[in-house]
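In the order they appear, the protein sequences are chains Z and X.
According to our numbering, the residues represented by the first sequence are 3 to 738, in order.
According to our numbering, the residues represented by the second sequence are 101 to 603, in order.
Keep in mind that the hints were calculated from the coordinates and are not lab data.
It is possible that part of the hints are untrue.
Claimed, not checked - Not everything, but these chain Z residues come out facing chain X in the computed CB check (under 7 Å):
#	residue
1	S9
2	L25
3	F32
4	I142
5	R176
6	R399
7	E529
8	V648
9	T673
10	V674
As the structure is a prediction and not an experimental result, all values here were calculated from the model.
Using N, Cα and C, we set each Cβ at its ideal position, and we do this for glycine too.
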Amino acid sequence: MVVLLISLILLCPLAAFAIFGLLGLAKRSFPRQDYLSTAAMLIALVCSLLLLQEVVPDPEPHTVQWLSLGSVTFSMGFYLDSVTAIMLIVVTLVSSLVHIFSMGYMHGDPRYPRFFAFLSLFSFSMLFLVVSDNLLGIYIGWELVGLCSYLLIGFWFEKDSAADACKKAFLTTRVGDVGMFIGMMMLFTKFDTLSLYGEGGIFAQAAVQLNTGDMIWLSIAGVLIFCGAVGKSAQVPLHTWLPDAMEGPTPVSALIHAATMVAAGVYLTARMFPILTETSSLVIAYIGGITAIIAATIAIVRFDIKRVLAYSTVSQLGYMMLGIGVGSYVAGLFHLTTHAFFKALLFLGSGSVIHAFHAMHGHGHDDEHDAHGHDHDEDHGSEHVLGSEIPPDQDMRNMGGLRHKMPITFITMLIATLSISGVPFIFSGFWSKDAILAGVLGRAMEWNSVHHYLLFGMALFAAGITAFYMFRLIFMTFFGEPRNQEMHDMAHESPKSMTVPLLVLAVLSFPVVNTLWFNADYVKPPEQPHLHAPAHAHVSPDSKVGEAGLTFSLFGISEAVAAEEGADGTHGAHGDDAHHGHGPAHTIAMVLSIIVAGLGILLSWLFYHRRTLSAESVATTFRPLYTLFWHKYYFDEFYNGVLVAVTVWKSRLFAQFDGTIVDGIVNGVGTVTRDILAVFVGVFDNRIVDGLVNRVAEVTWSIGGRVRQIQTGAIQTYLFVVLAGIVLLILIFRAL
Amino acid sequence: MLLSLMIFIPLLGMIAVLLLPRESEELVKRVTLLFTLIPLALAVALFISYDRSAAGTQYVVNIPWIQAFNIQYHIGIDGLSVTLLLLTALLGPICVIASWRNIEKGIKAYMALFLLLETGMLGFFAALDLFLFYVFFELTLLPMYFLIGVWGGPRREYAAIKFFLYTLFGSVLMLVAMIAVYLNSGAPGARTFDIPTLITLAATEGHALNNLNFQIWAFLGFFIGFAVKVPIFPFHTWLPDAHVEAPTAISVILAGILLKMGTYGLVRVNMAMFPQGMDFFCNGTGTWGNSLALLGFINIVYGSFCALAQTDFKKLVAYSSIGHMGFVILGLAARNTEGITGAILQMFNHGVISGMLFLLVGVLYDRAHHREINGFGGLGAKMPVYTGITTLAFMASLGLPGLSGFVGEALSLLGAYDKFKMLTILSTIGIVVGAAYFLWTLQRVFLGTLNPKYEALPEINGREILTLAPLGILTIVLGIWPNFAIDMFRESVTNLVNVLQAI
């Protein structure tokens with residue numbers, strides 16, 4: 003049953019794409035590719051829901067042998083645990099909604115069918131990644147989603163900015179992927195397999211090895227695998243592609259660059275959880291923490307509605323990484339799911355806003371192509387920033403007061419904003435973010451570790467900024483007076499195909515799905531040996547974690563988090579003390595997170611709604627800092643100016659070396675040989691050298707570049723010589 | 101008999117073509133196509149009937165030929181040869197179809213030479229006698245010389261001569277090594293060119309061929325001969341010139357088959373016959389122990405960087421071939437199951453993928469009459485099907501998982517990592533640069549605004565799709581189910597690994 007359902011989940015979207023591809027060869031296309039792709043996705047969604055019941059504890063992977071080389075075999079297979087099941091639902095659900103949304107949003111696009119075909123291919127690849135039980139399969143899905151991301155970012159490839167962005171996305175993530183591949187080679191060399199689960203899988207073998215020490219290589223391998231996640235999940239320093247990826251159609255941004263593909267890095271890191279050592283975990287946590295802050299601070303000063311959301315995504319992904327890095331496996335994945343829904347909603351909402359402005363031009367998306375290059379950066383006209391040309395329909399400085407025009411878009415986006423900002427209790431984002439914060443603080447208290455206290459500070463800071471810039475977006479877009487009356491007049495609420503997905507996602511931004519995570523028995527964090535290592539035992543003899551504490555039992559969330567903390571904190575079997583509450587870490591984290599979220603929202607309100615405070619004057623006061631944020635910490639300048647330039651320069655150098663030195667030597671040798679042969683031929687009359695040999699000498703003779711036609715007539719002669727030779731050989735063969 | 105038939109039917113075809121009147125061009129083409137389709141059918145028959153569970157050679161024919169020197173007409177196939185025979189037989193008709201419209205002069209001579217070339221290639225992959233092996237090796241040289249030199253581009257003379265002399269230089273060294281092997285193979289009268297016999301003798305303790313010093317020198321002689329063909333840095337400069345000047349179909353053969361002759365020779369002769377020599381260059385210790393892997397690494401990185409700098413579409417593909425053949429060398433240097441399997445798979449896949457790439461370049465060249473990458477732009481909007489197929493080929497070539505290029509590359513690296521950690525890690529630079537030049541090309545040719553010069557560029561036609569579709573399908577099938585190919589040579593590889601580890 004499991005295999006059947008998973009196969010259906012994979013095959014439906016794949017078939018939808020294959021039909022498009024095959025018809026494409028015949029230069030045709032299926033007239034209702036949109037229905038086909040959407041139907042495929044809905045079937046996959048139903049199958050995913052059915053799979054929920056099939057989850058069993060400690061499942062065995064379902065594998066087939068894929069490659070067999072004699073002594074070595076590689077298998078492919080499915081692995082279905084609770085995390086897989088939840089991911090499947092997230093992917094199929096968001097994907098289905100994005101499919102439906104796209105029917106409205108992409109309507110009238112000349113390449114409409116292709117868009118849906120690519121969405122199908124993406125969904126297949128993503129689902130394949132999710133269900134794979136081995137690193138090779140994950141890697142295959144991993145690269146395929148990268149391809150789809152490339153194709154979809156560059157969907158409007160006539161725009162130079164889109165063409166640049168898709169190339170950048172592919173290459174940047176590939177740098178990370180190479181790291182991941184090296185990590186895989188290390189693991190393979192050590193364990194002779196790339197399967198993760200089951201007997202003889204990497205985890206089973208590693209569990210034995212980890213007890214025997216010698217973990218440096220495993221730390222390196224873990225960090226290398228994580229490199230892949232750094233690329234895909236846009237973590238610093240490979241994050242720069244994601245904001246540029248906003249060149250793709252907005253539904254793509256919602257599906258790929260907010261909810262699913264970029265979260266695949268987090269998913270991979272979570273999958274590798276059992277072999278993450280203390281060192282690699284700390285690296286992951288720091289990368290996550292730094293990313294959360296860097297991206298959030300950049301988001302504050304952006305005016306492009308989609309880029310704000312893009313940096314927000316980067317920042318939130320950093321959050322999830324941080325959670326996993328500190329050992330809060332459930333919290334990290336929990337945030338992944340809540341984020342998938344509210345961020346997809348925010349993106350689709352922004353798409354709805356962009357779409358509203360589109361109608362003023364009366365036709366499809368052509369204007370979006372033209373829009374590029376219009377300089378609306380009046381405030382910063384003198385400061386050219388790479389990738390900062392904002393299309394007018396995405397520029398928040400053209401918006402304002404839209405809440406009356408687009409009530410559904412407004413309300414749904416507001417719900418998502420409340421959720422991501424961490425407004426307490428009734429929004430899902432609060433619970434997941436709080437779980438991560440509590441996890442970091444809990445680890446810090448338990449281990450008494452400076453690193454983790456620092457990380458907690460970073461996470462808290464980022465949480466505050468998140469609330470600030472998200473409300474800045476809401477205030478600038480939906481409140482106040484319209485800044486561009488002409489555009490405002492044309493704006494309108496989007497059609498049903500677009501608002502219905504928004505409403506569904508809005509419902510999902512309340513803690514409804516959370517029940518999956520709340521049931522402490524449903525998702526169990528895998529063992530991570532260093533969390534129980536005796537090295538840490540002495541620092542927390544009187545650890546408060548595990549003690550009974552304040553319990554918010556709303557929807558049972560605290561139990562899930564407590565289960566995790568309890569399991570980690572008491573160095574023992576998890577589950578036993580799952581229902582005995584938890585320590586003060588959670589309470590402190592919760593109170594602090596509510597405070598910073600409130601502060602962020604308050605400041606945003608003062609700046610952008612009440613206008614008691616002036617953003618401009620603050621920007622002037624903190625000029626250097628503002629410039630740093632505005633220029634996105636100069637990452638792009640560095641990459642383009644140094645890395646790309648050096649690579650291109652090096653390639654030219656190589657090519658020149660090849661053309662002049664290597665080939666020069668070759669030609670030199672040729673010339674010298676020719677001169678020697680000239681003497682040779684001069685001494686022995688070349689007329690006695692006949693036929694073929696003559697040919698060869700002539701050929702040699704002309705190497706210096708003397709152009710002489712090779713006559714076609716000569717070939718006839720030559721061919722008959724060959725024939726004669728063959729006849730002769732046969733005769734010899736007969737004679738001897 | 102089946103095998104001999106397959107080898108010599110193109111030769112018969114050549115005679116048939118020569119007998120046809122010069123004016124009946126269509127007939128010449130059709131006859132040529134027929135005589136390339138028959139070997140393909142036979143190759144498919146071989147592919148089906150080949151016993152995949154046996155390690156030794158099959159379909160062996162062994163009859164005395166020149167008895168004075170104990171030379172035999174000894175042919176047979178193992179997993180490696182049957183794979184490459186299939187590739188050769190497949191590319192044959194594809195190249196004939198690709199030459200259908202764009203060979204303007206002397207079509208009769210062209211087709212006759214092409215058929216002769218095919219016999220040479222097929223014979224080479226089946227030969228089990230060193231002398232026969234050498235004869236077939238040389239037999240490919242002259243038709244190739246004329247095909248480039250007569251039907252090539254503006255600098256065809258230079259390119260053809262360079263190709264000819266380069267290969268000749270290599271094969272002379274090979275000939276010397278071959279004679280040395282012959283002379284050392286036994287007492288006068290008992291000397292032999294027979295490859296299986298020589299392999300056994302070389303593995304016999306105390307035999308002259310078993311001597312390490314001898315093995316090293318003989319290895320080197322053959323190696324240089326094959327290195328020119330592969331081509332391995334620094335013997336590669338003939339390749340970009342030859343490719344740029346050669347007509348499309350000949351480029352396909354050049355990249356698809358002729359380069360594989362080099363790596364095939366390395367496996368068949370250098371590795372199997374001189375395992376000690378191989379060990380000397382690949383054991384990972386000493387000055388020489390890393391040399392072969394180092395050459396593989398240089399090929400990968402050097403070829404990729406050179407490709408990145410090219411603005412001629414065809415030259416870019418040519419340099420990318422150098423890079424991709426580097427993975428084969430790296431995999432072979434690893435001398436383990438993963439590495440060798442990866443290398444062989446990469447040979448086959450590279451033949452298919454580079455064939456596609458050259459055909460695609462040809463499609464564009466036939467329309468625009470130039471290959472300057474920067475001279476296009478925005479063709480994606482004008483030629484969606486062509487763009488789609490090109491994207492597929494590029495993705496396969498840059499090693500996208502799910503397509504065939506990935507499996508060979510990954511296995512080669514996986515095998516090599518076990519033996520040469522640092523070199524393998526450094527070689528992965530080639531993976532990134534490979535993606536860079538292909539994507540950059542994709543952008544410059546197909547993305548962005550349409551160059552107004554090419555408003556009227558016609559979409560890829562049915563005949564061109566016909567040449568590309570089989571290769572595209574193979575790329576996808578082998579990407580999803582590589583066992584399809586690996587099944588053929590699994591036992592042969594195991595056998596070879598045993599030979600290599602026996603020393």
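Task: Given hint Z/V674 near chain X, where the shortest CB pair must fall under 7 Å - done: violated (12 Å)
TODO: Verify the interface restraint on Z/R176: the C-beta must sit less than 7 Å from at least one C-beta of chain X.
DONE: This interface hint holds because 5 Å falls under the 7 Å limit.
- [ ] Mind checking the CB of Z/F32 against every CB in chain X and telling me if the closest is under 7 Å?
- [x] Status violated, d = 15 Å.
- [ ] With a cut-off of 7 Å on the beta carbons, see whether Z/V648 makes it to chain X.
- [x] The hint is violated - Z/V648 has no Cβ within 7 Å of chain X, the shortest such distance being about 11 Å.
Open item on the list: Next item in the hint list is Z/T673. Is there a CB on chain X closer than 7 Å to its CB?
Closed with: At 12 Å from the nearest chain X Cβ, Z/T673 fails the 7 Å test, so the hint is violated.
Task: Interface hint outcome for Z/R399 [beta carbon to chain X under 7 Å] - done: violated (28 Å)
Open item on the list: Would the hint on Z/I142 be counted as holding, given a Cβ-Cβ threshold of 7 Å to chain X?
Closed with: For Z/I142, the interface hint holds, since the closest Cβ of chain X sits about 4 Å away, which is under 7 Å.
Open item on the list: Is the interface hint satisfied for Z/E529? The criterion is a beta-carbon contact with chain X at less than 7 Å.
Closed with: Violated, because the Cβ-Cβ distance from Z/E529 to chain X comes to roughly 28 Å (cut-off 7 Å).
TODO: With a cut-off of 7 Å on the beta carbons, see whether Z/S9 makes it to chain X.
DONE: violated (14 Å)
- [ ] Using 7 Å as the Cβ threshold, decide whether Z/L25 counts as touching chain X.
- [x] violated (11 Å)
Violated hints for the displayed structure, listed by number in ascending order: 1, 2, 3, 6, 7, 8, 9, 10.
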